[in-house]
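Visitor: Use the sequences and the hints to build the structure in full.
Those protein sequence lines, which keep their order, are chains C and R.
Per our numbering: the first sequence = residues 5 to 341.
Per our numbering: the second sequence = residues 5 to 341.
Read the hints as simulated data drawn from the structure, not as lab findings.
You may find that some hints are simply not true.
Copies of the same chain look alike in the list, so a pair counts if it works inside one copy or between any two.
As the list claims (entries may be wrong) - Under the rule of at most 35 Å between Cα atoms (straight-line distance), these lysine-lysine pairs were calculated in the DSBU-like manner:
1) LYS243 x LYS212
2) LYS108 x LYS162
3) LYS137 x LYS163
4) LYS162 x LYS110
5) LYS137 x LYS197
6) LYS163 x LYS108
Number of protein chains: 2
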Amino acid sequence: MHETIELFHGSGAKKSHQLIRDIFFEAFDNPLLKEGADGVVLPNFQHELVITTDAFVVSPLIFQGGDIGKLAVCGALNDLAAMGARAYYLSATFILEEGLEIEKLKKIVQSMGHEARMAQVSIVAGDTKVVEKNKADQIYISVTAIGNPETECAPHPKKLRAGQKIILSGPLGDHGATILAARKDLVFEGNLKSDCSNLQPLILPLIKLFPSISCMRDPTRGGLSGSLHELMAVDHESKIGFRLNEEDLPVSPPVRGLCEILGLDPLTLANEGKMIIFCDADLALPILQQIRQHPLGQEAMIIGEVTDRPGQLEMKTIYGGERSLIWAEGDALPRIC
Amino acid sequence: MHETIELFHGSGAKKSHQLIRDIFFEAFDNPLLKEGADGVVLPNFQHELVITTDAFVVSPLIFQGGDIGKLAVCGALNDLAAMGARAYYLSATFILEEGLEIEKLKKIVQSMGHEARMAQVSIVAGDTKVVEKNKADQIYISVTAIGNPETECAPHPKKLRAGQKIILSGPLGDHGATILAARKDLVFEGNLKSDCSNLQPLILPLIKLFPSISCMRDPTRGGLSGSLHELMAVDHESKIGFRLNEEDLPVSPPVRGLCEILGLDPLTLANEGKMIIFCDADLALPILQQIRQHPLGQEAMIIGEVTDRPGQLEMKTIYGGERSLIWAEGDALPRIC
Numbered sequence: 005m006h007e008t009i010e011l012f013h014g015s016g017a018k019k020s021h022q023l024i025r026d027i028f029f030e031a032f033d034n035p036l037l038k039e040g041a042d043g044v045v046l047p048n049f050q051h052e053l054v055i056t057t058d059a060f061v062v063s064p065l066i067f068q069g070g071d072i073g074k075l076a077v078c079g080a081l082n083d084l085a086a087m088g089a090r091a092y093y094l095s096a097t098f099i100l101e102e103g104l105e106i107e108k109l110k111k112i113v114q115s116m117g118h119e120a121r122m123a124q125v126s127i128v129a130g131d132t133k134v135v136e137k138n139k140a141d142q143i144y145i146s147v148t149a150i151g152n153p154e155t156e157c158a159p160h161p162k163k164l165r166a167g168q169k170i171i172l173s174g175p176l177g178d179h180g181a182t183i184l185a186a187r188k189d190l191v192f193e194g195n196l197k198s199d200c201s202n203l204q205p206l207i208l209p210l211i212k213l214f215p216s217i218s219c220m221r222d223p224t225r226g227g228l229s230g231s232l233h234e235l236m237a238v239d240h241e242s243k244i245g246f247r248l249n250e251e252d253l254p255v256s257p258p259v260r261g262l263c264e265i266l267g268l269d270p271l272t273l274a275n276e277g278k279m280i281i282f283c284d285a286d287l288a289l290p291i292l293q294q295i296r297q298h299p300l301g302q303e304a305m306i307i308g309e310v311t312d313r314p315g316q317l318e319m320k321t322i323y324g325g326e327r328s329l330i331w332a333e334g335d336a337l338p339r340i341c
Numbered sequence: 005m006h007e008t009i010e011l012f013h014g015s016g017a018k019k020s021h022q023l024i025r026d027i028f029f030e031a032f033d034n035p036l037l038k039e040g041a042d043g044v045v046l047p048n049f050q051h052e053l054v055i056t057t058d059a060f061v062v063s064p065l066i067f068q069g070g071d072i073g074k075l076a077v078c079g080a081l082n083d084l085a086a087m088g089a090r091a092y093y094l095s096a097t098f099i100l101e102e103g104l105e106i107e108k109l110k111k112i113v114q115s116m117g118h119e120a121r122m123a124q125v126s127i128v129a130g131d132t133k134v135v136e137k138n139k140a141d142q143i144y145i146s147v148t149a150i151g152n153p154e155t156e157c158a159p160h161p162k163k164l165r166a167g168q169k170i171i172l173s174g175p176l177g178d179h180g181a182t183i184l185a186a187r188k189d190l191v192f193e194g195n196l197k198s199d200c201s202n203l204q205p206l207i208l209p210l211i212k213l214f215p216s217i218s219c220m221r222d223p224t225r226g227g228l229s230g231s232l233h234e235l236m237a238v239d240h241e242s243k244i245g246f247r248l249n250e251e252d253l254p255v256s257p258p259v260r261g262l263c264e265i266l267g268l269d270p271l272t273l274a275n276e277g278k279m280i281i282f283c284d285a286d287l288a289l290p291i292l293q294q295i296r297q298h299p300l301g302q303e304a305m306i307i308g309e310v311t312d313r314p315g316q317l318e319m320k321t322i323y324g325g326e327r328s329l330i331w332a333e334g335d336a337l338p339r340i341c
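Guide: This is the structure in C-alpha cells:
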C-alpha cells in the first residue's frame, strides 16, 4: 500500500506540519529552515544582492539525467551563474496534487537537497500547498535563488556589442531531446541523457579570471535560438544581431539522430547545463581554453559573433550559404522545464 | 470572443515574450524587471536580509475583498511584517492553465501590481509556465519577499516566555469564512468580506516603537488555533503553552453567524490581515493602544497569555469553564490561500 498526499496535508493543521518536518526538513536539513518563524534572517550579505526566480512544471517528473527537484535547483543556480553571481540561499514552494505518492515526493525532495548540498547552498524557506486531483500534475516547484556578484561589474545583455564572439559551453539540445523522447516513449530514448547540471563551478572561476565577459545566458526553454532572440528583444543601447556558424555548433550524435527523425532543430531544443558566453574577440580563445579544462565545458566551441544588424539572427550553413533563423511562434513542446 | 492562454504562451518563443511584456511588464512597471537578464541585481542592502516565500492556490480566484494577486502580495508582506522586516522587493512565478482568459490574468496581475505599488515594493523578477487543461486551476502564484529588519533584534518564536501577553490585531476568520461561503454559494455571502490586507503599515511603526515585542505571527491557514499550535511545535529553549480568554476573542457578526450555521470554529478559520503579537505583560496595554490607533487595528484585543504548560492550548470559555483546544487533524478546507 502506497501512502499518498491527501487534501488534509495542505490544511495547515497537524498533518501539514508532520509532512514538512518528515519530508522537507529531513531532506534540506539546515538550522535556518528549521527555525519555524514566518521568514528567515540571512546574515552577512554584501550590499549588492542578485536574485532570480523560476517555476518548474517538467513532465515527466523523473527523466534520464535528472528529475524536477534537481532541475529546479540547477535551473536557479544557472540563472545566477549567468549573472556572474555566487548562490548562497534558495527558497522553494511546492504545489502538490492530491494522490501524489509520498515516496515519489520524498525522492524528488531528497534530490533537491542533494543537489543543494553539492552546490553548498541552503534551502532556507519554503511553502507547500495541496490541490485536488486534476488541478495539478503531481508536483510543481518554484525556486528563488539569492546570491552575491563575484565581480565588480556583472555581465549583462546591455554590454553586447558588434564584433564580440559567442562561445557555447557544450553540445546543444540534450535536455529537450531527452524530455521529448521520454514523452513520446521512443525506443532510442536510452541513448539520450539530460545535461541538467549546476554550472556555478564552471562559470564562477571563469568570470573571476575574465571579468570583462560582457554577457552570459543559459539557453533553456526556447533553446539557443530562443535565447539569442530574447537578447535581441531586450532594449539595448547598441542595437545588435547575431551570426552563427553551423559547422561549429556542437550537437551530440543521439540528439542529431532524434532531430533528423522528427524533423526538429537542435537550436530550438532546451538545454539545462549549458551557457552562452559573449566576450571581446581577442579574449575568445583564452576563454575557450579555460572552459574546456572543466568537465562541464570539454566540448565548448566558439559558435559565432555579435553583429550590427539589429534583430537579425543569421547562420552560415555547412554548405556555405546563409540562413535567417526566425523566432519560433511557439510550436515547441510545453513543460520542458 | 475572449482571448485565452494557449500552450504556445509557455514555449519560450515569441508569444511567451509578448505575453510577459504586454501583461506583466505593464502591470509591475519598474526598470529592474525590464532589464531582461537572467536575474536582477538589487543594490544597497543592509547586511542582514529577511526572506519569506509562499505559494497561492486560492479558489475562487476572485472573492469579496480581494483576489489571488492581492492575496499573494499581502501574504508575503505580512510574513515579513511578522519578522519585523520592511519589504523592498518581490519575485513571483505564475503557473497558468491552458484556456485561462487573458482578461482575467490581466486583472489579477494588475491587482498584484497595484498592491505592490501601494506597499512601495517592486516586483523585480518573475517566471511564467503554461500547463495543459486540467493540470492546474487557472492560475497559481508563488511569491518570495526580500527585506531588511526594522529593529536590531527581530521578534522570533524562540523569545516566547510564560507570562507574556497575546494581542490579536482584529476579528477572527473573515478570510476563511468568505472563501468558504463563496465556495458553497451561500446566500449571506454578501455580508462577508476577506480581511486580506498588507499589515506592514500597522506593524513596522509598532515594532520600532516597541522593539521588545517578543514574537509575531499572522494566523493564516489553520487560523489562530493552528498558528498557536505551530508555535508550540517549534523547538523552544523554554517550553511554553498558551491560554486564551474566549470572551476577549473578537469575531464579527457575519463570521459568527456562518460558524453557528455550519458548526465551524472561528479559531480555525484563516485570516489574511491579522497579526498575533506577543509581549511582556507590562507592555500589553500601551501596545494595544498603539495598535488601535491604526485603521487596520481598531478592533485589537488582548486575548490571552503564554503559559509554562508545554504544548497545551487552553481556553477559558465564556461560561467560566476551561477547554483544551487540540490541533485539528486536518478536516479544514483546502485552498483557502
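Visitor: Does each hint hold? Answer for all of them.
Guide: For each hint, the structure was consulted:
1. Only within a single protomer do LYS243 and LYS212 lie at most 35 Å apart by alpha-carbon distance; the minimum there is 28 Å, versus 49 Å between protomers.
2. Only between protomers do LYS108 and LYS162 lie at most 35 Å apart by alpha-carbon distance; the minimum there is 34 Å, versus 43 Å within a single protomer.
3. In the homo-oligomer, the alpha carbons of LYS137 and LYS163 never lie at most 35 Å apart, since the shortest distance is 47 Å inside one protomer and 41 Å across protomers.
4. In this assembly of identical chains, LYS162 and LYS110 lie within 35 Å of each other by CA distance solely across copies; the values are 29 Å between and 42 Å within a copy.
5. Taking identical chains as interchangeable, the C-alpha atoms of LYS137 and LYS197 lie at most 35 Å apart whether they share a chain (31 Å) or sit on different chains (28 Å).
6. In the homo-oligomer, the alpha carbons of LYS163 and LYS108 never lie at most 35 Å apart, since the shortest distance is 44 Å inside one protomer and 37 Å across protomers.
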